[in-house]
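Q: Sequence:
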Amino acid sequence: MANPEQRPIGDVSVPLNTGDVREFKKKMGRLLEDPLGVAERLDQFLCLNIYTWVELQSILGILFTMEERDVIRHSGMRVWDRECQGPDQGDQKWPMQDPGWNNQNERHRQNMSDLQWMIIRGIQEAVPKGQNIGKALSEHQGKDEPLADWLERLRKALQLYSGVDPDTAAGQVLLKTKFVAKSWGHIRKKLEKVENWQDRGLQELLREAQKVCVRRDEERQKTKPQILMAAFKETQTTMNTDKRSGKNKQQEKAGLTSGDTGSTCFPCHQEGHLQTSCPTSRVVFKSSRGGPNVRAVHHPFSQATIRDLCKAHQDYGRDSPYFRGLLRCDLEAAVVIPADLRQLFSCLMDSTEFKLWEAAWRQLLREALPSLLADPETAMDENRNALTLKHLMGEGRWKDPSDQDSGIPIKALTVAREYAVTAFFVMVPDGPVIPYYKIMQGTKETFTKFVERLTQAIEIQVAEVAIREGILSC
Numbered sequence: 001m002a003n004p005e006q007r008p009i010g011d012v013s014v015p016l017n018t019g020d021v022r023e024f025k026k027k028m029g030r031l032l033e034d035p036l037g038v039a040e041r042l043d044q045f046l047c048l049n050i051y052t053w054v055e056l057q058s059i060l061g062i063l064f065t066m067e068e069r070d071v072i073r074h075s076g077m078r079v080w081d082r083e084c085q086g087p088d089q090g091d092q093k094w095p096m097q098d099p100g101w102n103n104q105n106e107r108h109r110q111n112m113s114d115l116q117w118m119i120i121r122g123i124q125e126a127v128p129k130g131q132n133i134g135k136a137l138s139e140h141q142g143k144d145e146p147l148a149d150w151l152e153r154l155r156k157a158l159q160l161y162s163g164v165d166p167d168t169a170a171g172q173v174l175l176k177t178k179f180v181a182k183s184w185g186h187i188r189k190k191l192e193k194v195e196n197w198q199d200r201g202l203q204e205l206l207r208e209a210q211k212v213c214v215r216r217d218e219e220r221q222k223t224k225p226q227i228l229m230a231a232f233k234e235t236q237t238t239m240n241t242d243k244r245s246g247k248n249k250q251q252e253k254a255g256l257t258s259g260d261t262g263s264t265c266f267p268c269h270q271e272g273h274l275q276t277s278c279p280t281s282r283v284v285f286k287s288s289r290g291g292p293n294v295r296a297v298h299h300p301f302s303q304a305t306i307r308d309l310c311k312a313h314q315d316y317g318r319d320s321p322y323f324r325g326l327l328r329c330d331l332e333a334a335v336v337i338p339a340d341l342r343q344l345f346s347c348l349m350d351s352t353e354f355k356l357w358e359a360a361w362r363q364l365l366r367e368a369l370p371s372l373l374a375d376p377e378t379a380m381d382e383n384r385n386a387l388t389l390k391h392l393m394g395e396g397r398w399k400d401p402s403d404q405d406s407g408i409p410i411k412a413l414t415v416a417r418e419y420a421v422t423a424f425f426v427m428v429p430d431g432p433v434i435p436y437y438k439i440m441q442g443t444k445e446t447f448t449k450f451v452e453r454l455t456q457a458i459e460i461q462v463a464e465v466a467i468r469e470g471i472l473s474c
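For the sequence shown, the residue numbers in UniProt numbering are 1 to 474.
By construction, these hints were calculated from the structure, which means they are not laboratory data. It cannot be assumed that every hint is accurate.
[As the list claims (entries may be wrong)] Think about it this way: if two alpha-carbon atoms lie no more than 20 Å apart in a straight line, the pair counts; the simulated SDA-like pairs of lysine to any residue are:
id	residue 1	residue 2
1	K411	C329
2	K143	G185
3	K311	V212
4	K193	T177
Please build the complete structure, drawing on both the sequences and the hints.
A: What follows is the structure in structure tokens.
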């Protein structure tokens, strides 16, 4: 005999919460831009329940426009007729009027599930796949982008723009090839060294790439203590420098009270300090042990600075805003002497390029020398001798870095630095140079890209910094 307390178990219908649907719309994405992503996210949202015809129409009405709903419906019906063989046609599975489906009826529940499937497949087929191979293959992995995200982004690009299904044999070959070719630099180099990588499976290549990422993370963990120690040493050095500067200020104050008011720094022409304590100098003056003699010690660019610049030059290219900004920042951090410029640019170029750069730099300085001699602040060196090309190039008597920093006016060194950078970027273009006044914005070119291209041309073709700024402001 059946237990009278038992009741038949049926499906419980949970009312649709339109607030959840509107919240989901914010992160769903745009149908025309990413139909595959929209379909995937909507499928995850709908899979938790079986919705009635009325609820599904309400969801579609919130998420899509009327035109988009019509396209999705026709695409869904077309996919049903093509892939599902049965007595019911697509227009019967997706009726225009409420069919009165009931959650407690098994056949009606099947119809609801079929309609959800048609909606997802209709979204996937709603936007025609364009044959834009260039767009599909222009994707590149970001520097710290996870491998899984990069592979998924590449897969979607192939689906959207190439018309190739990545799940087919031909699609797998194309996906694997582009995964290797467009990966980040050190990952790509490692994968290309794998023997017969063209015959390996995608999962095997993914594991090899993951090993590179793991080693990179381990190296970063190892360098953290070194970075902390370097920061600690820098802090200690700063504290010691502050203590010495405090003593110097007391000594200067005592000197001023005794009548010494004529302290003027020769390199920067500023009053209140001498050349040995100039804050913009890259030379440190140290007293010899056991005597009053003072010697100058030059501090060139650190290996870390040069390494970072070389890496940015290799990874991003000479024309990239990142490399240009990093180079400009490092050069303007302190007074740069000709020896520093030669050291830096010799690392960024091969021997032939370096000779060309040196010749271009020399010519620019030769043309700028008359204006420097006419300026009282740059006309003479520390010994009151007239400024020459050897001063600016760091040659002959001025080959020693300490002499360059302490004997040449800072304003002249700044001019030499600017012309060195100009000479470096003069060698960029391959082929005929387009005059900057003939450069026009392309029909599909963004304004920022146009300004960047124009700025690069002006930097190459116009030597005077003031004239460059005047041209750009017009």
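Q: Hint by hint, note whether the structure agrees.
A: Hints versus structure:
1. K411 with C329: holds, 18 Å
2. K143 with G185: holds, 8 Å
3. K311 with V212: holds, 18 Å
4. K193 with T177: holds, 14 Å
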